[in-house]
Amino acid sequence: MTTTMYDSLVGILSQLGVYQILSGFLPEIVIRIMLVLAIAGVVATVASLILAYLTWLERKVLSDIQQRIGPMRTGPHGLLQPIADGIKLLVKEDVHPKTIDKWVFLLAPIVMFVPVVVVLAVIPFGKTLVMTDLSVGIVFLLAVSSLPTLGIIMASWAQNNKYAVLAGLRRAAEIISYEISMVLAAIGVVLLAGTLSLPGIVEAQTGLPYIILQPLGFLIFFIGLLADLGRIPFDFQESESELVAGYTTEYSGMKFSFFFLAEYLELFVAGGILTTLYLGGWNGPFLPSWLWFAIKTFIVIWVILWIRATLPRVRIDQLLDIGWKWLLPLALLNIAITGGVLAVM
Amino acid sequence: MDREYVTDKIRRSMGRRILTDEEVSGWWIIGGIVTFGLLFLLLFLKLIHRRNEHFKRQKMLEEQIIELVGIDLKDKKMLADLKAIHNEGYESGEFKDLSFLRIIPAIITLGLYIEWRLTKDLMIHAERQRRFFSCYLGRELEDTTPQRPTGKYLGLGVVTLGLFGIYWTNLIIKDSNEHFKDQWKLEDLLPEAGMEIDEGVDPDFYKNIILTTVDKFLNWGRTCSVWPMAFGTACCAMEMMATFASRNDMDRYGMIFRNSPRQADVLIVAGTITQKMAPRLRRLYDQMAEPKYVIAMGACAMTGGPFVNSYSVLKGVDKVIPVDIYLPGCPPRPEALLNAFLQLQERMKEERTVTKKFERWILKDRKEVVT
Amino acid sequence: MSDIRKVVEIPINMGPAHPATHGVLRLRLKLEGEIVREVDPVIGYLHRGIEKLAESLTYPQFIPYTDRLDYAGSMLNNLGYVKAVEELLGIEVPERAEYLRVMTTELSRIASHLVWLSAWGLDLGAMAPFFYCFREREEILNIFEMLCGARITFSYMRIGGVSKDMPEGFADRLQNFLDIFPEKLSEYETILTENEIFLARTVGVGILPKEDAIDYGVTGPIARASGLEYDTRKIEPYSIYDRFDFRIPVEHGCDVYSRYLIRVEEMKQSMKIVQQALDKIPEGEIMAKVPKKIKPEPGRVYSRVEGSKGELGFLIISDGSDKPYRLRIRSPAYSNVAALPVMCENAKIADVVATVGSLDICLGEMDR
Amino acid sequence: MSEELLNEFPHVVKSEDGLLLVEADQIIEVCTFLKNKGFDFLEAISGADFEEYLEVIYNIASYSKPDRVMLTVRISKDNPILPTVTSLWHGANWHEREAYDMFGIKFKGHPKLARILLPDSWDGYPLLKSYPLDKEQKVELEDETGVEICQI
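Chains as they are written, first to last, in my numbering: chain A, 1 to 345; chain B, 1 to 371; chain C, 1 to 368; chain D, 1 to 152.
Please note that the accuracy of each hint is not assured.
Distance condition first, Cα-Cα at most 20 angstroms in a straight line; then the derived EDC-like pairs of lysine to aspartate or glutamate [to be verified]:
1) D:138 with B:286
2) B:357 with A:94
3) C:234 with D:67
4) D:108 with D:78
Note that these hints are calculated values from the structure, not bench results.
Let the hints inform the model, and build the full structure from the sequences given.
Below, the structure written as structure tokens:
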């Protein structure tokens, strides 16, 4: 059984004697709720800080590749840029065009944002930094991380804008093509680890990260992840030269910033998922476990940004082609090989 | 530079004095004592604000006077002297804004720090200013602002655990009020006197320090994150692209292109707008979310430019949409567009969304606040 | 109950303010899902009435307006116009001026192609080429600025010559640029030419068969990409183009990838021409003897040059006064865009974007 | 080339200032003849307004040789109609539309003779000498496409 963040927090509080004092006058369930809320709050705060700075990181990485310097004037080296952007978007007028489907329009950003935050609950950030150790963690993760698509489709429908509808249609069409292969690729990992729990998978990689044992699976999963993120080369939902601003065309102000943030949080979560499943999670010598996790995650994020800066966009039917004709058979092959090898050994 | 123009500017600087040189009442002290020092915090913020505004105005006034003397070029020695005295202001830190964050050391030192700083600043300022105007008017003016022994006061403050600060604050209020009054009298003596009040500025606006601070904060966010709408029609679009490319890199200022007008803050009208295009431009502008700004880039967007005689060209986009910044050139260089953005940022700093909202809400009976 | 299998055609409006239309071109599309069934280009959003304005301006006064036709490569328009007027007047241009003209126009062609490459890269979703291309373009503009003081709208050519001679240090700077540019060009090619995704997006897309190219009067890189070996510089050498060693690239792919290859090759060839011109440039006058008041005899002339987008023609009808009686500009992009519906038959939306980008349209010249 | 043309078509005349004048109803035949002779490149069709008549100028060149021909058709101002050459070159479509847009010259048999550069609601033909250079016209948002217009 893995130590979750809750357990370690209780341990620390008991050592300090705070827990005993609290339990003196509060029923246990209340304390539990309080502590869980506190943990959730801390994780959400840290995550939102990280994702705010991911926007900064992206701009800096892009500008470095494009021979510019990127944000410089807002704070030293543009460090306050995300905050300025946030303030700007917060106070920007929230336009509600006349033709929208109001409730769906309103709910879409939330539907997009919430699942991404929920996924954070199962990702093991470090040896003891696990919020919940679900026994079916990987299933939960794969299921919930594809929910934001619903938000995108809702948003594109609600706006009553043809460009947005096209973006939504594209998204709906593409998701099946890569999502199945992604899940199948993850089965290889599950077979090797023998567990569905994410901390379990990480522990199983103590000696050897699965990227070495499952190179094919890693590749399929990575491509699927890129498509899931909707980033170049697969940014059909927002391909600005074709669909103006894609599914956010009619959104402004705060609602737009929700989409914006959800996308970057997805990026962070994607880095976390890949690290957990294939790069050995928090495993690593010398450094503390959470630092290893952070380093690996940021390497993944950096690679994704690098791809964005250099590659053109593929066409939607080409992704569908890749998804159905290449990724799916390869993923099945991957399972067969993994299963076969495991059976023989 | 036109002499008339500079004189106008001086008059306008003087006109702003009803906004910047605000008289603070002594009742604040009583209020501070009653609220156990809470109101003092506000008072200090207000004093800092008043100091910044007054010094800023004086700086501008002096600069304009120097400009004027430079145009006349009768007395070269006087010009050099004025410049030297003016530059002292930079050296002593007088022309630099005192940050509101200074309130934190002020709280730690029970207000003594800020009192000391304000007294010192005022003394330096008054002394320098006296010399400046003496030089300009050609006769010795008397020093009206009393010299306060700051060191001694500081000692007294420490000994009385900050209680002396109450009296000291009173002195600051009084001294400053006196200084402003003298300053106004002095300004009326200037040969260029004759105020021109900047219309469209509500004098009450500056009184509300909290709201203006919030506005300042929001404006900071806005100025640092200006997202232009990618809208280029003709030649100017080339230079617009060049401005956002590697050499000039507008991303340094936090500016990135958005393709959807809903998410854009500023519409750069780069190029000729024809009669056929004009309604669409209007539609595009309407689709943008408030607050929105428009830069008319290039001669065509300003007036029609070289095509002004043509049957199909709109003679200036301001016939269709309101324009904030006019940027001449055919086409303007990237540096010029960059400068236009900096000018726009200056303009954005004058926004006061929260203050206006608050005033509409609280003072419903009052007339619409002038924008 | 309606048949749910029935395909609904969605009319959609691209432009005039759309990121992929490079200015204010408007496309009315009819979509069946992702597939474009009908493309209807709507132009005229930048119709500035230049042809009418020309009738109220004297011959030299019109030169600045030519800058604003194809603003990506203004020198070419300058040359097109002054050449037409010179033919009308029968003026012989001095050697040195001819060399300067060739150098500047070929540089202008490179600058124009660079703009095209950068914008097209953005259309395809590749951001890096935009920044790389503008980096080199800035250097070309600096060279132009050194020569005539302007970055975009040069008005460098005059009737009978050019306005300014090479300043000191110009040759070195130009030579320096010519030395570094091949390296940079290969940098773009690394990003694009053999990139799998790029190939998937461009090969076989936006096909314009040779017969259709002829049918629509398509010129420039697009015609050459459709297998037509047609370049005014070779077929009817004007100025001093017959003295230089260069070749006209021709591709037979008829698709947008061929157009890309053509333009990249053209940049190399232009560079070669500039190098030769720079090496051989003679000393001498830069202006011919031109009367103070330009008053051509009544008559008409149609003169054509090879612009960066194709054949740029000026038809001038003179009635003997100092203003053209009628001035007609044959703009290459006008004919090229007319062929767009052929190229976009049953394409995907993304293909339409790639195709429109590959045409290298310049609305100033198209709508005039 | 012009000699050959003059021999072939007796109605084609060379005017004193060297223009090849073609009768309006013969233009298709002349163009077909030229196209068969290798003049396959229609460069431009331009209009011009003269005091007594309107002119339509055809610039025809070849993709393979440097030769070119300039044909001129003179038509009356009251009834500016002549046959279209879109059956020979699809590229003529837009050129003829422009001539219609700017001069009001009507091309018989043209597939879609509508304004091209100016908005549909425009009144008058601006390149005619009688049209004042700076006569502005206010343009409303055309609503021919309904909802589409709401989008950028």
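Status of the hints after comparison with the structure:
no. : hint             : verdict
1   : D:138 with B:286 : holds, 19 angstroms
2   : B:357 with A:94  : holds, 16 angstroms
3   : C:234 with D:67  : holds, 13 angstroms
4   : D:108 with D:78  : holds, 15 angstroms
Comparing the model with each numbered hint stated earlier shows that all of them hold.
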